[in-house]
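Put chain Z on the given structure of chain H with help from the hints.
Going line by line, the protein sequences match chains H and Z.
With this note's numbering, the residue at position 195 of the first sequence is 195, and numbering never jumps.
With this note's numbering, the residue at position 117 of the second sequence is 117, and numbering never jumps.
Hints are computed from structural coordinates only; laboratory data are not their basis.
Being a predicted model, the structure only gives us computed values, none of them experimental.
Treat the hints loosely; a few may be bogus.
Stated by the list, open to error - These stretches of chain Z come out as covered by chain H in the derived footprint (C-beta under 8 Å, 3 or more residues): (1) 46 to 57; (2) 79 to 85; (3) 167 to 177; (4) 230 to 236.
As the list claims (entries may be wrong) - To give a feel for the contact side, a few chain H residues facing chain Z, derived at Cβ under 10 Å: (5) MET52; (6) ASN55; (7) LYS60; (8) HIS286; (9) ARG369; (10) GLU373; (11) GLN379.
A virtual CB, placed ideally from N, CA and C, is assigned to each residue, including glycine.
There are 2 protein chains.
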Amino acid sequence: MASTIQGNAVIFTQGGPTAVINATWVGVVQGLILCKDVTGIWGAINGIDGIMNENFIDLKEQTAGTLQAISYTPATQLRSTRRKPGQEENCRMLDVFQKHNIRYVFGIGGNDTSESLDIINDAARDREYELRVFHVAKTVDNDLMENDHTPGYGSAARYVANAFRGVNLDNQCFGGLYIGVCMGRHAGFLTAASALGRQSPEDGPHLIYLPECPFNLEKFAKDVEEVYKRHNRCVIAVSEGIEDENHTPILQVLSTGRLEADSHGNVQLSGTGALADGLVNHLREHLEGKGIVKKLRARGDTFGYVQRSFPDQSPVDREESIALGTFAAECSASGNIDGSCAIVRVSDRPYKVEFKLAPLKNVAGKTRRMPAEFIAAGQNDVTDAFIEYAKPLIGELTPLGALDMSKKVTF
Amino acid sequence: MASTIQGNAVIFTQGGPTAVINATWVGVVQGLILCKDVTGIWGAINGIDGIMNENFIDLKEQTAGTLQAISYTPATQLRSTRRKPGQEENCRMLDVFQKHNIRYVFGIGGNDTSESLDIINDAARDREYELRVFHVAKTVDNDLMENDHTPGYGSAARYVANAFRGVNLDNQCFGGLYIGVCMGRHAGFLTAASALGRQSPEDGPHLIYLPECPFNLEKFAKDVEEVYKRHNRCVIAVSEGIEDENHTPILQVLSTGRLEADSHGNVQLSGTGALADGLVNHLREHLEGKGIVKKLRARGDTFGYVQRSFPDQSPVDREESIALGTFAAECSASGNIDGSCAIVRVSDRPYKVEFKLAPLKNVAGKTRRMPAEFIAAGQNDVTDAFIEYAKPLIGELTPLGALDMSKKVTF
Numbered sequence: 001m002a003s004t005i006q007g008n009a010v011i012f013t014q015g016g017p018t019a020v021i022n023a024t025w026v027g028v029v030q031g032l033i034l035c036k037d038v039t040g041i042w043g044a045i046n047g048i049d050g051i052m053n054e055n056f057i058d059l060k061e062q063t064a065g066t067l068q069a070i071s072y073t074p075a076t077q078l079r080s081t082r083r084k085p086g087q088e089e090n091c092r093m094l095d096v097f098q099k100h101n102i103r104y105v106f107g108i109g110g111n112d113t114s115e116s117l118d119i120i121n122d123a124a125r126d127r128e129y130e131l132r133v134f135h136v137a138k139t140v141d142n143d144l145m146e147n148d149h150t151p152g153y154g155s156a157a158r159y160v161a162n163a164f165r166g167v168n169l170d171n172q173c174f175g176g177l178y179i180g181v182c183m184g185r186h187a188g189f190l191t192a193a194s195a196l197g198r199q200s201p202e203d204g205p206h207l208i209y210l211p212e213c214p215f216n217l218e219k220f221a222k223d224v225e226e227v228y229k230r231h232n233r234c235v236i237a238v239s240e241g242i243e244d245e246n247h248t249p250i251l252q253v254l255s256t257g258r259l260e261a262d263s264h265g266n267v268q269l270s271g272t273g274a275l276a277d278g279l280v281n282h283l284r285e286h287l288e289g290k291g292i293v294k295k296l297r298a299r300g301d302t303f304g305y306v307q308r309s310f311p312d313q314s315p316v317d318r319e320e321s322i323a324l325g326t327f328a329a330e331c332s333a334s335g336n337i338d339g340s341c342a343i344v345r346v347s348d349r350p351y352k353v354e355f356k357l358a359p360l361k362n363v364a365g366k367t368r369r370m371p372a373e374f375i376a377a378g379q380n381d382v383t384d385a386f387i388e389y390a391k392p393l394i395g396e397l398t399p400l401g402a403l404d405m406s407k408k409v410t411f
Numbered sequence: 001m002a003s004t005i006q007g008n009a010v011i012f013t014q015g016g017p018t019a020v021i022n023a024t025w026v027g028v029v030q031g032l033i034l035c036k037d038v039t040g041i042w043g044a045i046n047g048i049d050g051i052m053n054e055n056f057i058d059l060k061e062q063t064a065g066t067l068q069a070i071s072y073t074p075a076t077q078l079r080s081t082r083r084k085p086g087q088e089e090n091c092r093m094l095d096v097f098q099k100h101n102i103r104y105v106f107g108i109g110g111n112d113t114s115e116s117l118d119i120i121n122d123a124a125r126d127r128e129y130e131l132r133v134f135h136v137a138k139t140v141d142n143d144l145m146e147n148d149h150t151p152g153y154g155s156a157a158r159y160v161a162n163a164f165r166g167v168n169l170d171n172q173c174f175g176g177l178y179i180g181v182c183m184g185r186h187a188g189f190l191t192a193a194s195a196l197g198r199q200s201p202e203d204g205p206h207l208i209y210l211p212e213c214p215f216n217l218e219k220f221a222k223d224v225e226e227v228y229k230r231h232n233r234c235v236i237a238v239s240e241g242i243e244d245e246n247h248t249p250i251l252q253v254l255s256t257g258r259l260e261a262d263s264h265g266n267v268q269l270s271g272t273g274a275l276a277d278g279l280v281n282h283l284r285e286h287l288e289g290k291g292i293v294k295k296l297r298a299r300g301d302t303f304g305y306v307q308r309s310f311p312d313q314s315p316v317d318r319e320e321s322i323a324l325g326t327f328a329a330e331c332s333a334s335g336n337i338d339g340s341c342a343i344v345r346v347s348d349r350p351y352k353v354e355f356k357l358a359p360l361k362n363v364a365g366k367t368r369r370m371p372a373e374f375i376a377a378g379q380n381d382v383t384d385a386f387i388e389y390a391k392p393l394i395g396e397l398t399p400l401g402a403l404d405m406s407k408k409v410t411f
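The shape of chain H in the complex, shown without the other chains (with noise of 0.2 Å):
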């Protein structure tokens, strides 16, 4: 191991908010504090684009009050970017880091921004300028490779169980069809903890759709009809990046208008309710259609991003959140070089995790889907499995009442 460098320290926050990346970066400055040779702590704003225009703010003249009330904001307070830096933003950021005596990066991001400090921290290398370059996990998806989850992961969860235990009730009273369309692009676990909510065989979401099953609209109209006759209502998860069997988003084959193109150039999914708005279109075509119901009560909700910046923690979310920030800083201070800071569950009951330092490379651009013991053999809902391993991620949820209907008035 080499020995810790006196310098500056630099954290950013990158890609798409969470509830607690303030929450994980307010604990890299917990633990930057009792490192004597980290002199500054700044924070980039903006992500990377704040270190190449040196836009910083010092973190060390904000009050302990301040981070104390950041931490349970969600968010990032740094702001963020989802600039990809090529060749000529690493040599920027490189010369900053020199200028400055900067020798100890944080960045709390996805797989992206882990790609981003591995060729940052390679071009440092080939500059022999030393510098501790640390990634930390963040992410609603839940999609990185090395972790058991990644903080943010439980916050969204929470929230998405909340509403679908809120839009099952409500469905409830009237009947009908219901779909929430959910964050995730190639990974389903936002979907998934839809399911975490359910509290009788009867409460829904009865189908769960994911980005990992090839989606087919005919077998989706059949999955439908089939809960709907059974309990004259039917609610249904769906990802928003399901796709058929040839890899073409659902979005773009139901939509009827214009589709924006995302920063990298895929089409938008979030903040669009065009998926679920068709969704519902074909599936009242379908019932209506086959005379099943004369007028269907079908609708759709896109959970847009409510799910992602909701104020209300998860408070394990926010703990393992604080912490592995901190252990992030723990481990820049022991003489670490470099690495991706991540969870691991080190048992299951009772719940326990414990966090690693992994190589960047492992996690750069890599993304994690479901596994299969996660997925239902009828590609339409989660297994056991799956309840097992993200309901302690959530934290404990108010329980709710249901009437007693076996007790009828009876004449």
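Same frame as chain H, but now just chain Z:
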């Protein structure tokens, strides 16, 4: 005042769910248990359908623990319907009341329910059948006459305020536009609640559009352009019910696809993302077309059914909802023959309410809208008077923190 009369009581719930309808009917049950003249306490399943079909659950047979858990549970365990009873249905209901010596009727609902109860009440009088008929206010729209505010509004407003706190911070990370569409066909109270989470003048929503004000697409684009130029971002709250000066819903003005009708034959506003998508496209064309931004980051979410069913009751709303139910039971036990149970505010500081029994006809079929003093002069925001009015209703929110951006690192 008439004396009480021995007989059974029926409780039913009608119309759209809220987070606290169960709390209200549990409150009614708690009150009725103390009345010796009330023999059976029955819950009709699916509103007036349950009365007509004699489908009753014995609420005295539910355990205290079940009732407690139900009081925390969103939507209504008694289920609902949107059916408005006609002549025939009224006769059928009265037949059922007479057949089973039902003397106390409690209907929890909005102005439609109040109207139905008023008609049943008149019909009972015509038959000279002694019946006690009570309406208990409920609606997330907060649009009932005689009420300072209605049970259900506080919890839905709490959700909307919290959701906007989250999406405002999410939007702050990247900049660009964000539109959140809230429920409210004629009354803007729920959309207005988006302002309740603002902590600083920079916080969104920066613009709020209510159904009380004629909506003009050109003025809208200009409003947004102005905010965008100032902040490089803009968060916008929009009521689903916004209409142009000819009272055509904007959803209809913008829509290219097929529009569904709701159970009253109006254009279905909820359960579709079309309005948000249409407004986003309109702003994109305006801002990109004028060259103000080359590629606009713009997202539209429709809050949908989650906003009225999210399992996070406002503590104030919960307490008042239970108490209003108990008040209804007490009214019936103290010889009142009919009326609508309403919330009156007796003091702003400290916030304090009382309950009153208003004539059914004062509430029946009427809609309260946002008063002029709650709407900002530019018709794109709310006033401080609204904030003062609504803030006590949603309960405490977790305080959020903000980085002190003045503490820049200087070189």
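Consistency of the hints with the structure:
1. 46 to 57: Since 4 is at least three, the answer is holds.
2. 79 to 85: It holds: at least three residues are needed, and the region 79 to 85 of chain Z offers 4 whose Cβ sits within less than 8 Å of chain H.
3. 167 to 177: Result for this restraint: holds, n = 7.
4. 230 to 236: violated (count 0)
5. MET52: At about 14 Å, which exceeds the 10 Å cut-off, the nearest Cβ of chain Z leaves the hint on MET52/H violated.
6. ASN55: With Cβ-Cβ at 8 Å, under 10 Å, it holds.
7. LYS60: holds, 9 Å
8. HIS286: The hint is violated - HIS286/H has no Cβ within 10 Å of chain Z, the shortest such distance being about 15 Å.
9. ARG369: violated, 25 Å
10. GLU373: Because about 29 Å separates GLU373/H from the closest Cβ in chain Z, which is outside the 10 Å limit, the hint is violated.
11. GLN379: With a closest approach of 26 Å, the GLN379/H hint is violated.
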